[in-house]
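**Student:** Sequence:
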Amino acid sequence: MKANGESAGVLNGVRLEPVVPGSAVALGNDAARRAGAPDKKTLEAATRVLLERLTELQDVFQADGRHALLLILQGRDAAGKDGLIKSVYGAFNPTGVRVAAFGPPTPLELRHDFLWRVHQVVPPRGIIGVFNRSHYEDVLAVRVRQLAPEAVWQARFAQINHFESMLHANGVIVRKCFLHISQDEQRARLLARLDDPRKNWKFRLDDLDDRARWDDYTAAYRDVLARCSTPAAPWYVVPADEKPMRNYLVARLLVETLESLDATYPAMNPAVRDAARDFR
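FYI, the numbering for the sequence shown is -6 to 273, going by my numbering.
If you're looking for bench data, these hints aren't it; they were derived computationally from the structure. Any given hint could turn out to be false.
[Unchecked claim] Below, computed lysine-lysine pairings styled on PhoX-like, alpha-carbon distance capped at 20 Å:
{"hint": "1", "residue 1": "79", "residue 2": "33"}
{"hint": "2", "residue 1": "192", "residue 2": "79"}
{"hint": "3", "residue 1": "34", "residue 2": "236"}
{"hint": "4", "residue 1": "236", "residue 2": "192"}
{"hint": "5", "residue 1": "79", "residue 2": "236"}
{"hint": "6", "residue 1": "79", "residue 2": "195"}
{"hint": "7", "residue 1": "33", "residue 2": "236"}
Based on the sequences and whatever the hints tell you, model everything.
**Tutor:** Here you go:
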């Protein structure tokens, strides 16, 4: 990852750290912003460099084919999941990317275990996937809205950890980002949607209902972060009040993850090389 000297110095320590398993994570308003953050211009310039690097890394990652990469995005309404996908995943060749969004389960999905629909869209090796919401709704919304007994959703924490451990053991690199926004920022974004015809169609009564349950969701997210951040599938809390910071941090996480894999281009088949040497 290359950047000019000034930007590299300013941004050297601006990166995400995984949630320590079992830790109590602060999810107040202060955690939704990065203290002492670089200015918008610096962040956007550095993000462009990261996105160029992601383009290079995806190409060799897809050719190497030994791993899949799954980025799981969770966040409250208006946290910026869609915007992040547009900004960061735009760096990738579409043939090597899969995006899956999870809404309420269908009648068929409800007849299966809660991970059935999730496993079907886990990216294959060589592909980078993103989940816009995920199986974590089954210990978040299900819990807060009391859609299942506590004994049911409590058991799912261990089931999720086993599932993600199995994915990791089979070559799927899992990274999970909670996009954390403050109450004031969420209110501003929801109000802005009302006057924007490009966005107001997204507004749901459930958005207001979920906002009224803010404290219940905060408690649920704290449990998710503490109980499901593991070495095989770590959680990261992304301060998301400021979009340039959000985009930079996630882009850097993806670059560092892909660089750590040491992916290489496969050698050309010698028989193909010999046959092609004198073709007309």
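**Student:** Could you run down the list of hints and mark each one as holding or not?
**Tutor:** Outcome of the hint check:
{"no.": "1", "hint": "79 / 33", "verdict": "holds, 18 Å"}
{"no.": "2", "hint": "192 / 79", "verdict": "holds, 15 Å"}
{"no.": "3", "hint": "34 / 236", "verdict": "holds, 12 Å"}
{"no.": "4", "hint": "236 / 192", "verdict": "holds, 17 Å"}
{"no.": "5", "hint": "79 / 236", "verdict": "holds, 12 Å"}
{"no.": "6", "hint": "79 / 195", "verdict": "holds, 17 Å"}
{"no.": "7", "hint": "33 / 236", "verdict": "holds, 9 Å"}
Of the numbered hints given earlier, the model fails none.
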